[in-house]
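From first to last, the protein sequence lines are chains A and B. Just remember that this note's numbering sits 413 ahead of the position in the first sequence, which is counted from 1. Just remember that this note's numbering sits 413 ahead of the position in the second sequence, which is counted from 1.
These aren't lab readings, by the way, just hints derived from the structure by calculation. Heads up, some of the hints might be wrong.
Copies of the same chain are indistinguishable here, so a pair counts whether it falls within one copy or spans any two.
To be verified - Below, simulated SDA-like cross-link-like pairs (lysine to any residue); rule was C-alpha separation at most 25 Å, straight line: (1) Lys616 x Tyr738; (2) Lys616 x Glu429; (3) Lys650 x Leu1135; (4) Lys1225 x Lys1240.
Protein chains: 2
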Amino acid sequence: MSKKWVYLFEEVEEAEKYAGSWDGVRGLLGGKGAGLADMTRAGLPVPPGFTITTEACNAFLANNQQFPEGMWEQTLEALRKIEEKTGKKFGDPSNPLLVSVRSGAKFSMPGMMDTVLNLGLNKETLEGLAKLTGNPRFAWDAYRRFVQLFGKIVMGVDGEKFEHVLDEWKAKTEGGQDTDLTTEMLQEIVKEFKRIIKEETGKDFPEDPYEQLKMAIAAVFNSWNGRRARDYRRINKIPDDLGTAVNIVTMVFGNMGWDSATGVAFTRNPSTGEKKLYGEYLANAQGEDVVAGIRTPKPIDELAKEMPEAYRELQEIADRLERHYKDMQDLEFTIERGKLYMLQTRTGKRTGLAAVKIAVDMVKEGLIDKATAVQRVDPNALDQLLHPMIDPNAEVQVIATGLPASPGAATGKVVFDADEAEELGNKGEKVILVRVETAPEDFHGMAAAQGFLTARGGMTSHAAVVARGMGKPCVAGAGDVLIDYEKRQFSANGVVVREGDYITIDGSTGRVILGQAPVVEPELTGDFATLMEWADEFRTMGVRANADIPRDARVARGFGAEGIGLCRTEHMFFEGDRIDAMREMILADTPEARRKALAKLLPLQRSDFAGLFREMDGYPVIIRTLDPPLHEFLPREKEEIEALAKKIGVPAQKIYDRIEQLHEFNPMLGFRGCRLGVTYPEITEMQARAIFEATVEVKKEGINVFPEVMIPLVSDVNELNLQAEIVHRVAKEVMEETGVEFEYKVGTMIELPRAALLADEIAQTAEFFSFGTNDLTQTTFGMSRDDAGRFLPLYVERKILPDDPFQVLDQKGVGKLVQMGTELGRKTRPDLEVGICGEHGGEPESVKFCYKVGLDYVSCSPYRVPIAKLAAAQAALGEAERDK
Amino acid sequence: MSKKWVYLFEEVEEAEKYAGSWDGVRGLLGGKGAGLADMTRAGLPVPPGFTITTEACNAFLANNQQFPEGMWEQTLEALRKIEEKTGKKFGDPSNPLLVSVRSGAKFSMPGMMDTVLNLGLNKETLEGLAKLTGNPRFAWDAYRRFVQLFGKIVMGVDGEKFEHVLDEWKAKTEGGQDTDLTTEMLQEIVKEFKRIIKEETGKDFPEDPYEQLKMAIAAVFNSWNGRRARDYRRINKIPDDLGTAVNIVTMVFGNMGWDSATGVAFTRNPSTGEKKLYGEYLANAQGEDVVAGIRTPKPIDELAKEMPEAYRELQEIADRLERHYKDMQDLEFTIERGKLYMLQTRTGKRTGLAAVKIAVDMVKEGLIDKATAVQRVDPNALDQLLHPMIDPNAEVQVIATGLPASPGAATGKVVFDADEAEELGNKGEKVILVRVETAPEDFHGMAAAQGFLTARGGMTSHAAVVARGMGKPCVAGAGDVLIDYEKRQFSANGVVVREGDYITIDGSTGRVILGQAPVVEPELTGDFATLMEWADEFRTMGVRANADIPRDARVARGFGAEGIGLCRTEHMFFEGDRIDAMREMILADTPEARRKALAKLLPLQRSDFAGLFREMDGYPVIIRTLDPPLHEFLPREKEEIEALAKKIGVPAQKIYDRIEQLHEFNPMLGFRGCRLGVTYPEITEMQARAIFEATVEVKKEGINVFPEVMIPLVSDVNELNLQAEIVHRVAKEVMEETGVEFEYKVGTMIELPRAALLADEIAQTAEFFSFGTNDLTQTTFGMSRDDAGRFLPLYVERKILPDDPFQVLDQKGVGKLVQMGTELGRKTRPDLEVGICGEHGGEPESVKFCYKVGLDYVSCSPYRVPIAKLAAAQAALGEAERDK
C-alpha cells in the first residue's frame, strides 16, 4: 500500500496521529489545510475538500516532477468522497463539481501560487452550470476567471495580456466595471484569452477537468521553488525543505449575485490591535477581486447592514476561533446566496503596535497569561514603535492622503520601479517606491525601499501586507496620486513630483507629504510600557546601551538601559576644536610633546565622562580607551592640511609625512586598539585620569558611579597587563590626590580570535569581558565589513551563509568563540562579568544566543534596548512555538 | 637552619641530590659552577673554590638586594674550607688567599659580569704577596688588574678611563707592552686608578677584602638584570627567572712569569669541526688579557713547543672531558709556574658547518649514536650551509648595511626596475634589483634577479617575503641607500653606484658590498648529506616544499622535498604576456568574456603544471586555486594603464573604473581566495581543467602524478562544496574526454579561524587540510603582516609576545586553532591528510609543534627543506636536552 498523501478535511484526527502534534499537522497539511481541517472538526461551515500533503510536494520535487506513487489515485478517491458529499460530479455537465486549488505551506508565503478558482469548467460543464443556476452570465464570468487565472498561474502567461483585453472590454461598457460586462462580451473575452494562451504557450487550453487538476497541482508544487518564493524564504529565514501542501476545495460562489459576497477579515485590527472585526469585502465577486484591487472593497462594517445575518454569524465564528487559537485570526469567507462559508483561518500578521496591544489586551481579557504575551510579540516588530514619527507640530505640505496601511514615517527619494529601488537602495540611498499597485515581483525593490506609496489597493492589498510584514511604512490606495510611469513623475492635487524628489509618507495617518518632514522620537508608554514591564519580570540577563555622549545615554535610559556597555571615547575627539589637540598629539615626536597635547584633551574628556555618569546614576558605565587607527584623525584634503599646519604651527610637509607614515594596507588589522596605548602609554594615562577625575567629580554630587575601563583589541594578556597597570596606577593617584575612594573595574574587549582562545589567561587580569562581535566576526571570517559588499550579498542569496554575519551573529563559528571565551574566562575568574557590545547585542536571535551562553548582559544601540530586553525575556521563557 | 646557598666544588654529589638531575645542578650552580664541580669530582686540576647558587641570586633580587639569610655566613665558612685546603688566609698579609669571582648562569651569557681576578688584595696583602713570591712586580701587576677590573665591573667606572692611563704609561716604555711596565710604573698607575675611582664614584676603593667580596657578589647578582644581559636573554629566548650563580675560586696566576700562561681552548675547531685542539693563549698574562686583545695571543699549537708538558696534560684532559660530556668542550686554563689548572669546561658553541662535522665524526668515533647526532645539530644552523656565502677570507668594501632579510650572498649588476631586470636576466646577465620597496608587479623582475636590495621595508616586507620564498638573498631596509630612479643611480655613505655597476649583497649579515665579492656555493654533500640521511631514518613526518615553478621544484627535490605542499598559481600569471590575459579576464563584464580570456591562460597553466608534475614524479603536488585580490593584477601607472587599454582594446576609463571598483579598505579581508571562485566559477573551472589536462599529459609520459587541488580562504563548508563540485565535474569531464583515469584530491587551506573552528564540517568535503598559518596568524591576532612594523618590534622587544608570530608559530593561540582544526577534521575523516604550508613550515620550533599535533607533513620554501627535515627528525626523537 502506498503512503497516505491525501487527507480529507474530516481526517484531521488521522493527520494529527501521523504528525504527532498540531505543529506537525501544520507542517504536513500546511497552515491553510490545517486551519480548514480544524474548522471542519469544529463544525464550522467549511466547503468539503481535502489536502495533498507537503510530503507529496517534496517527493514530487525530488523525483523529477513526478507525482509520488499513489498520490493521483488518492486524489481521485478524495474527489469521489466530495462528489458524494456535495451530490455534484467533477466534469459532469449535468451537475458539475467545481473546485478551487490553493497552495498552503506551513508558513504563509507570498510569491507562491495562490489560488485557481472554478477549476473543472469547460465548454460542457459551463453549459451545465448555466442551466443549473439559471444564470449564464454567472457561468461565463466564472469561466472567464478560471481561464484567466489558470492561463496566468498554471500556464505561465503574462497576466497583463489578459488584463489588457479585459480593460478594453470594460471600457466599452457604460459602468466600466467588470460586473457591467455582458455574457456575450464574456464569451468574446474567453475566446481572446484562449487565443493568447495558444499564442504564448503553443498549447491549447485544457478541456479535460482531470488534466486541469493535474496541471494545477503540479503548478502549486513547482511554485515552491519559484524565484519570489525563494526570495521570501531567504529574507524570512524559512527553510527550503518544508514544501507546500495543495488544498482542493469545493467551490462556493461569491459572485452568484448581489446576495453573494467574498471577503477577508481579521478578528482584531492588524494595524492598531483594536478589538473589533476588521476587514473588507466585495459583493458579487470572487476572492481574487478583493486582493487584486480591481474594485475598491467595502469595509466589513457595511456587511452588517447589507447582510446582517451573515455578518452576525461571521462575528460569532471569529470570536470562537480567537478563543480556540488564543490569537488574532486572519479569515477568508464567501457568502453564496446568503450562506456563509469559511475558506481560511490563520494567525493574522500584524504591526508591532497591534502585536503589543493585542498581547496586552488578551492578558487583560484572561485569554493568555503574561508569559505568553511576552513570547507572542516578535522583538523585531517593536522596531516599528521605536522609529521616529513625523513631528505633529511640524508644518508639512500634505499633497495626498491614502490608507494608513502600515504605520511609521519614512522619507526618501521617489522611484517608480522595483529595480531602480533596489539599485539605489543598495547604494545606501533612501527611496520611497511609488506604484499604482505593487505585485509579488516587486518584492526585491520593496526590500530595498524605506516605504511604499500606492495609488490603488486597500488595507489588505499586496503593498499593505508586505509593508506590515517588513515593518515598513506604507500609504496605500492614495487615489489622488496620478502616476505617469513614462515621464517618471506623479501629480497629486496639482503638485508634480519627479523621480528623485523627496517625499515623506506617514503610514500611521495615510498622509503623503512633499519633501523631507521633521520627525520626533518615539516614547515608551501605554501598552508598550506594560509589555516591557512584563518582559522585565521574566528577564534575567541585563541590557545596556552603546552610547558615546550624554544625549544618547539619556535616550537609552528612557528605553530602560541598565548601564552603558560601550562608550567609544574617540567619538568625542571629533567634536569642535578637540580634533586639533588630537592631531597635535599625533604629530608630536616625543612623549612630552604628546603629553602636552593630551593635557588639552583631558578636561574635555573629563566633562564628557561626568555627563555620562550623571545620566547613568546607579548603573555601570564601560568606557573603552582609544581604539581607531590614528590616521583616521588626520585631515585628507590639501586645504585642510595646510590650515592645520598653520593652526598648530608645524610645516605642512610634516603632516604629509605623518599621513604617509601612518598609511596602512589593512587598517582593520593595523596600529589600533590597545596597540596604541601600549606604544604611547601617555594616551591611556590621560584617558584613565579623565575617567577617574570625572568619577570623583560626580561622586561628590552624590551620583552612584561605577566606571569600568575597557582595553580594546587585546590579543595577549601581556598587553592587557601593561594597560591595566597604568589604569590602576592612575586610579590610585587620583584617589590620593582627591582623598575620594571609588569602585572601578578594568577589563577588555574580546574581539580577536586569540583573545577568545586564551581567555583563561586574559581573565587573570581582566575583571570583565565584553565581546566585540563586530571585529570578532571580521577576524573569524577573515572578512572586512567594508569590503564584503562584493561577495557577501551573493553568499546570503545563495545560502552559502544563512545570514549576513554582521547582522545576525554567526552562532556556529563566531558564537563558538564567544562560548569558549566565556567558559575559559569564568574558569579563571568565576565572577567575571561577561557581555557583548557588538551590533548583534540588539538582534533578537543573537540576544537569545547570548542568553544561552550565559552572558551577564547585552549592550546595543539605545533604540534597540526594548528589542533586546524583550528578546532576553523570551530567551528566559524558553523558545516559544511561534507562528512566523 | 637556613637554606644551603653555598656549595664547595667537592659537594657536587650533595648538589645533585638536591637538584635531582645534572640539568638541575646546572640550573642551581650555573654552567660554570657545575663544570668546575664536575671536573673536581673527576680529579682534574681545578683550584679549590665554591659556588653561591642561582637561588641565592633570585632571593637577593627579590628581596631588595639583600643577601638571603645565612648566605654570607655560608660563604665565610666555605672560604675557611678553602683556606684550610690551600694553607692561605683571606686578608692575611703573611700568606694571602686571593680569589676570582665569576658569574655563571645555566646558559652562558655575554653581557653579564664576567670576572674579577685577584680579589683579596690590598696594601697589606699586596706586600705579603710580593714577599711570598719574591716578585714585587707580579704583586703590583696583580693589584693593578684587580683595581682596574673591580673599579670597572663592580664599581661601574667607565673602563676607558683606566685604559687611557694604562696606554699613556705603556707609551713611556720601550717595548710598549704591558709586560714592559715596571713596578714603579704600576704603583703610579694604581694610584691614578684609585683617584679616578674616587672622582667618578665619590667612594674610596675598598681595602677590606671581605667588603670587596661582598661588593663583588652583589655586583654579579645585579648583572643578571643588566641591560645587555636582558637583551641577550630576549634574543636567545632564555627565561628571565633563572638567575646567575657566583663562583669563588682560588686564584692561580698565569702572570707569574714566562713559565706561566693563560688561555682558552676548544676540543675541536668550532668553525670547521676539525678534530684538533683549537685555541689561543698568552704567556705571563691573566685571563682577561686573552679576551681583551691587549696582546695578540698565540695559537694553541705553539704551547706544545713552549710548554710541552702542560700542553700534553691539556690535550689529555680535553680528550677526557670530551669522552665524559660526549660533546665538544670550550675550556679555560691557566698555567702557574708550569702547573696546569682548569678553570672552566662547557659545551662549545660552533658554526653550522662545525656542528654537522662534529656530530658525524663523533658517531664515527663511537662517542655518540646517530640519534644523538641528529639531535645535537640546531636546525637553524643549517641555514648557513644552504646559501652561497661570501668567502670569509676575502677583503670586501661594505658601503651600507640593512636587515639580513633573506640569507645568502649574490653578486650582480645594479638595475632599478623589474622590466630591466627581466630583460637582462633573460639574456643571462646576473643582476641585483635595487628598489626603494618592491611590489607584486615587480615579481617578474625579481624572478630574473639574483637578489634584491631595498631602501625601505622590514623583515616581512614584500621583498623579504618573496626573497625567502624564492631562496634568493635580500638585504632590506638599508636606510643609507639613497636611490635616484631618474639618474639611475644610488648613493650610500658617499659612494655613488650607477646602473650596471656590480654590487654584492649578503643577506645573511645585511652587508651591501661594492663590486663582485668572491662567493662559495652550498651543496648537500659529505657530512651534511650523511646527517640528513640519519635524520630521515628517524623522521616520521613528511616534508614538502612550497614551489610555484618547475625550477623551484627541482631545487626542492634536490634538498629532499617529498612533494609540493603549496603551488601558488597566481605567481604564474605575472609572467610575460600572461598578465594581459589575466587583466582581460578581470575587465570582462560577462561570464562569456571571462571564459574567453581564461581560455588564453589555460594552455599556459597546463604546461606549468605539467612541468611541476614532472619534477615531482612519484610525489603529491598541491595546487592552490587563485587567491589574491584581483586588483593586484591591474596596472597602477597611467602609462601602463593606457598601454593596456590599447593592447586589449578597451577604453582606459574602463580600466580606471575597474581599479576604483576593486579598491579595498582591507584587501587582506576582502574579495579574494575562494570568494573569487565562488563569484566567478569559470576561473576555478579553467584552473581545474589545466591541472587535470596536465595530469593526463604527464601520465601518458609515465610520470606518477598525484594532483591535489586546494581551495583557499574557506570559511564555511558551503563555499568549499561549490568549488569542489566544479573540480570534481571537470575531473570527470577530462577523464571522459581523454579516456585516462587518474587519482586526485580536493582539499582546502585552513587559514581562517572559522575554518579551524568548523573543521569537522569542512572535512565532510575536504580530503585534505593545509594550514595556511601566515593568514591564520594575521586573522587570529587581528594583525596585518604589512602593517605590524609599527608596533610588533616593540612587542617582541618588551616580551609582550615571546616571538614575532610571523616567524615562529604562536603555539598558544594560533597553534590552538591548528590543533583544534586537526582534531575536528580527523573526527569526521580519520584518514584526513593534514599539513601546514605557512612560512612556519620551515621554522624548527614550529615544525616540532606540527609533529606534536600530529600533522602528516610540513611544507616550506625549498631552501629550508633540510632544516624542516632535521627538526622533524628531532621532534620524532623527542626533545633533546641540549645546551643552548
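How the hints compare with the structure:
1. Lys616 x Tyr738: This pair counts as neither: shortest intra-copy Cα distance 46 Å, inter-copy 98 Å.
2. Lys616 x Glu429: neither (41 Å within a copy, 101 Å between copies)
3. Lys650 x Leu1135: between (45 Å within a copy, 21 Å between copies)
4. Lys1225 x Lys1240: both (22 Å within a copy, 17 Å between copies)
Hints 1, 2, counting from the list given before, are not met by this structure.
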